[in-house]
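Colleague: Letter by letter, the chains look like this.
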Amino acid sequence: MHAQLRPKIAALAALGHELYNKDFLLTWEASEPTLRAILLTAEILEDLARAGVSTRTFRSGLGVAVFRDKSTRTRYSFRAACNLLGLATEELDESTSQVSHGETVRETSAMVGFLSEVIGIRDDMFLGEGHKYMTEVSASLDESHKAGILLQRPAVINLQSDLDHPTQALADLRHLVQHFGGVEALRGRKLVMSWAYSPSYGKPLSVPQGVIGLMTRFGMDVVLAHPPGYELVDDCLTVARRFSSETGGSFSTTDSMDAAFEAADVVYPKSWAPMAVMHERTRMIRAGERAGLADLERQALAQNARFKHWECTDALMRRTRGGRALYMHCLPADVTDVSCPAGEVSQAVFESARLETYREASYKPFIIASMILNTRFPGATATLTHILDDGRPRRGHAG
Amino acid sequence: MHAQLRPKIAALAALGHELYNKDFLLTWEASEPTLRAILLTAEILEDLARAGVSTRTFRSGLGVAVFRDKSTRTRYSFRAACNLLGLATEELDESTSQVSHGETVRETSAMVGFLSEVIGIRDDMFLGEGHKYMTEVSASLDESHKAGILLQRPAVINLQSDLDHPTQALADLRHLVQHFGGVEALRGRKLVMSWAYSPSYGKPLSVPQGVIGLMTRFGMDVVLAHPPGYELVDDCLTVARRFSSETGGSFSTTDSMDAAFEAADVVYPKSWAPMAVMHERTRMIRAGERAGLADLERQALAQNARFKHWECTDALMRRTRGGRALYMHCLPADVTDVSCPAGEVSQAVFESARLETYREASYKPFIIASMILNTRFPGATATLTHILDDGRPRRGHAG
Amino acid sequence: MHAQLRPKIAALAALGHELYNKDFLLTWEASEPTLRAILLTAEILEDLARAGVSTRTFRSGLGVAVFRDKSTRTRYSFRAACNLLGLATEELDESTSQVSHGETVRETSAMVGFLSEVIGIRDDMFLGEGHKYMTEVSASLDESHKAGILLQRPAVINLQSDLDHPTQALADLRHLVQHFGGVEALRGRKLVMSWAYSPSYGKPLSVPQGVIGLMTRFGMDVVLAHPPGYELVDDCLTVARRFSSETGGSFSTTDSMDAAFEAADVVYPKSWAPMAVMHERTRMIRAGERAGLADLERQALAQNARFKHWECTDALMRRTRGGRALYMHCLPADVTDVSCPAGEVSQAVFESARLETYREASYKPFIIASMILNTRFPGATATLTHILDDGRPRRGHAG
Numbered sequence: 005m006h007a008q009l010r011p012k013i014a015a016l017a018a019l020g021h022e023l024y025n026k027d028f029l030l031t032w033e034a035s036e037p038t039l040r041a042i043l044l045t046a047e048i049l050e051d052l053a054r055a056g057v058s059t060r061t062f063r064s065g066l067g068v069a070v071f072r073d074k075s076t077r078t079r080y081s082f083r084a085a086c087n088l089l090g091l092a093t094e095e096l097d098e099s100t101s102q103v104s105h106g107e108t109v110r111e112t113s114a115m116v117g118f119l120s121e122v123i124g125i126r127d128d129m130f131l132g133e134g135h136k137y138m139t140e141v142s143a144s145l146d147e148s149h150k151a152g153i154l155l156q157r158p159a160v161i162n163l164q165s166d167l168d169h170p171t172q173a174l175a176d177l178r179h180l181v182q183h184f185g186g187v188e189a190l191r192g193r194k195l196v197m198s199w200a201y202s203p204s205y206g207k208p209l210s211v212p213q214g215v216i217g218l219m220t221r222f223g224m225d226v227v228l229a230h231p232p233g234y235e236l237v238d239d240c241l242t243v244a245r246r247f248s249s250e251t252g253g254s255f256s257t258t259d260s261m262d263a264a265f266e267a268a269d270v271v272y273p274k275s276w277a278p279m280a281v282m283h284e285r286t287r288m289i290r291a292g293e294r295a296g297l298a299d300l301e302r303q304a305l306a307q308n309a310r311f312k313h314w315e316c317t318d319a320l321m322r323r324t325r326g327g328r329a330l331y332m333h334c335l336p337a338d339v340t341d342v343s344c345p346a347g348e349v350s351q352a353v354f355e356s357a358r359l360e361t362y363r364e365a366s367y368k369p370f371i372i373a374s375m376i377l378n379t380r381f382p383g384a385t386a387t388l389t390h391i392l393d394d395g396r397p398r399r400g401h402a403g
Numbered sequence: 005m006h007a008q009l010r011p012k013i014a015a016l017a018a019l020g021h022e023l024y025n026k027d028f029l030l031t032w033e034a035s036e037p038t039l040r041a042i043l044l045t046a047e048i049l050e051d052l053a054r055a056g057v058s059t060r061t062f063r064s065g066l067g068v069a070v071f072r073d074k075s076t077r078t079r080y081s082f083r084a085a086c087n088l089l090g091l092a093t094e095e096l097d098e099s100t101s102q103v104s105h106g107e108t109v110r111e112t113s114a115m116v117g118f119l120s121e122v123i124g125i126r127d128d129m130f131l132g133e134g135h136k137y138m139t140e141v142s143a144s145l146d147e148s149h150k151a152g153i154l155l156q157r158p159a160v161i162n163l164q165s166d167l168d169h170p171t172q173a174l175a176d177l178r179h180l181v182q183h184f185g186g187v188e189a190l191r192g193r194k195l196v197m198s199w200a201y202s203p204s205y206g207k208p209l210s211v212p213q214g215v216i217g218l219m220t221r222f223g224m225d226v227v228l229a230h231p232p233g234y235e236l237v238d239d240c241l242t243v244a245r246r247f248s249s250e251t252g253g254s255f256s257t258t259d260s261m262d263a264a265f266e267a268a269d270v271v272y273p274k275s276w277a278p279m280a281v282m283h284e285r286t287r288m289i290r291a292g293e294r295a296g297l298a299d300l301e302r303q304a305l306a307q308n309a310r311f312k313h314w315e316c317t318d319a320l321m322r323r324t325r326g327g328r329a330l331y332m333h334c335l336p337a338d339v340t341d342v343s344c345p346a347g348e349v350s351q352a353v354f355e356s357a358r359l360e361t362y363r364e365a366s367y368k369p370f371i372i373a374s375m376i377l378n379t380r381f382p383g384a385t386a387t388l389t390h391i392l393d394d395g396r397p398r399r400g401h402a403g
Numbered sequence: 005m006h007a008q009l010r011p012k013i014a015a016l017a018a019l020g021h022e023l024y025n026k027d028f029l030l031t032w033e034a035s036e037p038t039l040r041a042i043l044l045t046a047e048i049l050e051d052l053a054r055a056g057v058s059t060r061t062f063r064s065g066l067g068v069a070v071f072r073d074k075s076t077r078t079r080y081s082f083r084a085a086c087n088l089l090g091l092a093t094e095e096l097d098e099s100t101s102q103v104s105h106g107e108t109v110r111e112t113s114a115m116v117g118f119l120s121e122v123i124g125i126r127d128d129m130f131l132g133e134g135h136k137y138m139t140e141v142s143a144s145l146d147e148s149h150k151a152g153i154l155l156q157r158p159a160v161i162n163l164q165s166d167l168d169h170p171t172q173a174l175a176d177l178r179h180l181v182q183h184f185g186g187v188e189a190l191r192g193r194k195l196v197m198s199w200a201y202s203p204s205y206g207k208p209l210s211v212p213q214g215v216i217g218l219m220t221r222f223g224m225d226v227v228l229a230h231p232p233g234y235e236l237v238d239d240c241l242t243v244a245r246r247f248s249s250e251t252g253g254s255f256s257t258t259d260s261m262d263a264a265f266e267a268a269d270v271v272y273p274k275s276w277a278p279m280a281v282m283h284e285r286t287r288m289i290r291a292g293e294r295a296g297l298a299d300l301e302r303q304a305l306a307q308n309a310r311f312k313h314w315e316c317t318d319a320l321m322r323r324t325r326g327g328r329a330l331y332m333h334c335l336p337a338d339v340t341d342v343s344c345p346a347g348e349v350s351q352a353v354f355e356s357a358r359l360e361t362y363r364e365a366s367y368k369p370f371i372i373a374s375m376i377l378n379t380r381f382p383g384a385t386a387t388l389t390h391i392l393d394d395g396r397p398r399r400g401h402a403g
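Protein chains in written order, with our numbering: chain R, 5 to 403; chain L, 5 to 403; chain Y, 5 to 403.
Source of the hints: derived by calculation from the structure; they are not laboratory data.
Any copy, or any two copies together, can satisfy a pair, since identical chains are not distinguished.
Cut-off 30 Å, straight-line C-alpha distance, at most; resulting in silico cross-link-like pairs (BS3-like, lysine-lysine):
{"id": "1", "residue 1": "K150", "residue 2": "K12"}
{"id": "2", "residue 1": "K207", "residue 2": "K26"}
{"id": "3", "residue 1": "K74", "residue 2": "K136"}
{"id": "4", "residue 1": "K136", "residue 2": "K207"}
Here the structure is a predicted model, which means the values were calculated and not measured.
Model the full assembly from the supplied sequences, consistent with the hints where possible.
Modeller: Below, the structure is given as structure tokens:
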């Protein structure tokens, strides 16, 4: 193990990054070396865990998880990441219906920040709100830290906002890198981020936005496919266009799932809500118009139903490169005849890709742990070297 | 302490067990030496804890608790057991009304398995479902582990299913062993597992099934007493009969609480639901027949009410051997005039046995910790010897 | 750091305290040296944490939090305190509507006590009940411990009862000591604990009671101001009178907020419920009179509304000593035009004091940790010296 890990740690040192004492809210705010450092740190942490080496880095300290939307998977990933590094976790469940700002945010941020190393936030349900909330928390933590009230300024990590889902997108990227054999091997590969039909309502836009905003940075040919009305936030499209032109890849949009799948190396068929509906939903919740929300849901489901044929089927998969594109999903998928009568993907396609989607998800705890390590230490390299030299077993008498 | 513990650890080494890298779902699937190893490991862990020695064995790692029924006691026991060994816990609360299978189980099992050492499951409310669910989780973990997705295959521990309640039954057994002075001292003792009246509905069958399936393995004379209609699952009766004939004990059933208590050494009067009602309940929930459930509850309570005289009273206790049988209960008991107007046990009987029922419960965290240790390590002996040699205090500066 | 801390630890040793193996339920039951020891231990723990030194004292062990009322802040403070010392936490959420006693309390106390070091309880909603509940838990733990069932007798710590809120009052005291430059500097300072208007109902009396019961012990001139009908529990007033006469300070009450603020050094304007309403509320809940509760709430809100002018405004603050009294609040405050149309404090006053109220709150985790350390060890001095000598970093590879 040592023989394999030393060069990786050396490569990490060479990369450098700018995360120390920062937050991680949007991948498009991070430099490319920083993104590579997160990926590589995650890989090293996983190597160490697989080798049974303890990566406990904190003797005490808290990771606070603020969830404004329920999530078994994200909760577990965050807790697993914290535990891997020695942090205990504390959860703060806020009502989904609440869009709180101002004094409440400032106060709560201080109250849960006293002894915390990291605050992970999931706030993805209200378009125009999630990212704003996170930046408010950041500013509040800065204020309390500068006043000497907080012992340390905890890092804020975006566990999914209305704009980006960086822990998912980076886990997806790590999956691509493992699948194709390196970051360089992604260059020129065609990745299709496609809308797909789902009988459910209100799915956030942050996964597709996160994917197009990140995969365009490594020279991939990224195609965004969706029916009319399912546009993504303008700023995210701008970001994707800029990155693709900078890295020699491409970014295009289409309203045909069929055309998009043609010769694709990777397909990511996934439902999301119509942007207009999401904006209206935020407005209604803020205005307290509860009655209107049921109507809005009906309207959104009816709109979705016009595009039931946007399903990832065997026929579609055969159009991809060699008929063998890598199928990706952030889970849980709406699988036709399994979780619903008609969904994002046929049972046959999903079943053949199922274990690979679990593998894709398995990278997330390490991505989060990597973000914690890189935001809390000036260089993860020294810490990782120390861990490797020490080589204490994760299991076995721990004293 | 060392002088007492070395021989116990040596005895443990001599016993051996077959739990390494296995699950623990049913006591009747475990060999007798394995059961003795669990008991002895639990005893050693308790000795160490009482002597103030740290038994932390994991530097990091998660114990996941999946609860499909609310339980303060089981939650605490599981958390205490994990903490004793250095594991953090994460809870997964699933709705009681949900009987999920297939894809959802496979996916969730993988998602909470990435960095977990143990997954404890309580799923006791749906006859015909709980054990099935646990075996589905096991199979899913196998699949994800074989595919290299899980770093390690977590052990699944049954914290109460529809068939067995092994952590309770083994804590009960440990209580008996302490009370009578050794496993051998149980031979020939008469234990009565008796139904008792309760004004509540839907109590699982797993406690009486667990008791008759385990206590028949050590040469006890086990009597199962219940009114007609309160039969236990056939397979469990078969298991009890087989074990009693193999170990030279006996197993019989009766519909008279009075007759059963005659010359008993141990009595375990406890309510459970009519089996037919539990089957119908599972069917209705699966079929979504919410309306029928209220009727079913009324019917079950009416059926119970016909047997209000099945109460453990002073008069009944006087029939036991020397009038001093050991009273057992898994708690909470329905105590007449305390928690309800008429219940399983009279206030006088319960009050005189109350502290002993707390003692009975006190063994459970150590039984669970013993299961974790024995399923995660090829031999708990080496780990326990290391702990004893090291002798680090549980309290005092921990660095 | 060492140079500053050695004298503090020496001073702590000189103080002594009587907390070892005791509970902490009411500040007025603790001796003055004990209170000073809690303050000083909290200060040392904070110094160590700020210096990045690990104060982990337990290798395993649980802190159980029993909440009979929701609280983000108290939950976090308790968890942070436990984590600072190496304890994991487990929560026991009991329904707010439940006033359980007797067997349930005895049993639950034993069940969550097996491997616990501390049990923190918040039960502030039912006047005449909270403190009683805590003493019942204490008695139950004693009983189970004496019977050898509990390995150790966990300390019970009051996280807010109907009578006192000692972790808040001691954090407040620590804030005063830091603000004025020492315990001695409090002598002769005028502190006003004043009722203030709030549009909410059922706020407990324990904060004002805790403040007058504690601040009268250090020679302060304590004034309690409230409209008629908002009296505090008699015993608490008696305690405040006794302490003020013993320590050479004073204690008086007034029904004029204006008069009270005159030349005040410290003001603590905060709403609480009319005592008669709180008593009636407890009676109704115990009697199951759900319908009456809504009426009672309307009546209480109407009563409050008669005193809307009890608001801490700029005009009032100008009456204080030099117009610059220290504004205190336990948070969250009802701020006029921020959290409600009319509340306890004007936006301008609160905003200028906001960060100081965060600082006031920041002491609470350390006060709780101090209570744990002092109740669990015969002398915190030895432990703190060991921690200082060892000097292990809180962050950095932890093995």
